[in-house]
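Those sequence lines, one after another, are chains A and B. Every letter in the first sequence is one number past the one before it in our numbering, and letter 79, counting from 1, is 79. Going from the second sequence to our numbering is simple: count from 1 and add 171.
Bear in mind the hints are in silico, worked out from the structure with no lab data behind them. Fair warning: this is a prediction, and the values are worked out from it, not measured in the lab. Certain hints may be false.
One-sided excerpt, in silico: chain B residues whose CB lies under 8 angstroms from chain A [as the list claims (entries may be wrong)]:
1) 183
2) 202
3) 203
4) 206
5) 207
6) 445
7) 453
8) 457
Backbone N, C-alpha and C define an ideal beta-carbon position, used for all residues, glycine too.
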Amino acid sequence: MISMLRSLWMVFMHAFKKRETVLYPEKPYELPARYRGRIILSRDPDSQERCVACYLCSVACPVDCISLQATEDEHGRRYPEFFRINFSRCIFCGLCEEACPTYAIQLIPDFEMSEYDRQNMVYEKEDLMIAGEGKYHGYNFYKVAGLKIAGKDKGEAENEESPVDLNSLMP
Amino acid sequence: MHPVSVILRVLLVVLSVAAGLIWVERRLLGLWQLRYGPNRVGPFGIFQVLADMIKIFFKEDWIPPFSDKPVYFMSPAILVFTTLMSFTIIPFVPGLYVVDLNIGILFFLAMSSLGVYSLVLGGWASNSKYPLLGSLRGTAQMLTYEVFMGVSLMGVVMLADSFRLTEIVEAQKGMWFIGPQIVGFVIFFIAGVAEAHRLPFDMPEGESELVAGYHSEYSGMKFGMFFVGEYIGITLISAIITALFLGGWLGPGFLPPIAWFLIKTFILIVIFILFRATFPRPRYDQLMEYGWKILFPLALINLLVTAAIVLA
Chain A
1 MISMLRSLWM VFMHAFKKRE TVLYPEKPYE LPARYRGRII LSRDPDSQER
51 CVACYLCSVA CPVDCISLQA TEDEHGRRYP EFFRINFSRC IFCGLCEEAC
101 PTYAIQLIPD FEMSEYDRQN MVYEKEDLMI AGEGKYHGYN FYKVAGLKIA
151 GKDKGEAENE ESPVDLNSLM P
Chain B
172 MHPVSVILRV LLVVLSVAAG LIWVERRLLG LWQLRYGPNR VGPFGIFQVL
222 ADMIKIFFKE DWIPPFSDKP VYFMSPAILV FTTLMSFTII PFVPGLYVVD
272 LNIGILFFLA MSSLGVYSLV LGGWASNSKY PLLGSLRGTA QMLTYEVFMG
322 VSLMGVVMLA DSFRLTEIVE AQKGMWFIGP QIVGFVIFFI AGVAEAHRLP
372 FDMPEGESEL VAGYHSEYSG MKFGMFFVGE YIGITLISAI ITALFLGGWL
422 GPGFLPPIAW FLIKTFILIV IFILFRATFP RPRYDQLMEY GWKILFPLAL
472 INLLVTAAIV LA
């Protein structure tokens, strides 16, 4: 009997507590920064595309929703000719982000991407590409990689020593 | 006041309160369960009732071909009819009542007993197993709880020396009967919850085991009648308790008598809903045992003690 009265009182006191429900469409829901939502392609600090079209994301994708075609520009930089993510297949697992060696592909906390037409769920490169660096700041693949591109010869990258001349005996 | 106008007023108030309760209950349950409840239709979702009504009116009213049709049609009507009939004896304020019977309490008990027919016939006429089980349970439960529902009221009758509700309210000028008759009040309240087959005593419906109990086979507005009947039942029990135990329209003079009556009734309704928010449904045999072995002897003892004090 006492416990019944106690539970009556406890339930009544719930009236003065904060409600759990989030009135979502009216009040935007604050997701954690690491939430895995919509996928974007980021740019490096020089506003160049980070993606080097290595296909690792496409291979890692468990539902095969990423498709791209690699190509190379006149400076020797690899980039995707097209980059297409079918979000009606995507399961937002984040494996593409983990596989990406250049921080190009990233998942951001945005999930409001409903469409009336299924075709509109297929995002092209210009839909995916953002202007900034996304979650990882300051990283520039070509600045740290040993690859030779226009304006940067071998040995000129950060923390990189000049190549050893194999034909010389000098120390 | 002309009797027809009184009847119309009472009918209008009772039906709109019963309809409004659908919204009130859902909002309050939400409040106590840390959620919102209906809040989309109109301010605070207050027009949810309207939306629900429009929906239920346009629903397909499927009549089971295997049912016993005349009885099937009658059953929801009996429920609403008997509960509404009981409202005739409720004294809202002096002068505002449909009829002031000198056997008012007996009339109320008789009408709530007749209400059992709704369950029995509804379950039987549906001609399928879950409604039948629900109606069996409901019948046993309501007969059980009716016994000491009546007994628990006799203390009030003895103190007021009358079955007439207006006189009972007048007799509470000195002290409300909830004081001397606290046991009777508690027993009557519990019996009232069971009589309105509200949670935690909603055995006859028991949706987790019996689909929807005695009204499983009902749809559309016939189900709506059962639904509204339940809310009218809550209002009725609350109003009766107000009149019998909480001094009816009596109260400090800064509010009009009708306001006191409505406030008390509303608080009781809120407690009804609080019961629903709090208690889980007991097992069926526990329910019957609780009735026969605890509440019934308690009501008898209360009756005897009150009688002894009144005679002494």
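Each hint, compared with the structure:
1. 183: 30 angstroms, violated
2. 202: Since the shortest Cβ distance to chain A is 5 angstroms, the answer is holds.
3. 203: This interface hint holds because 5 angstroms falls under the 8 angstroms limit.
4. 206: Constraint on residue 206 of chain B satisfied, holds at 5 angstroms.
5. 207: 5 angstroms, holds
6. 445: 6 angstroms, holds
7. 453: 11 angstroms, violated
8. 457: 13 angstroms, violated
The structure is inconsistent with the numbered hints 1, 7, 8, although it conforms to all the rest.
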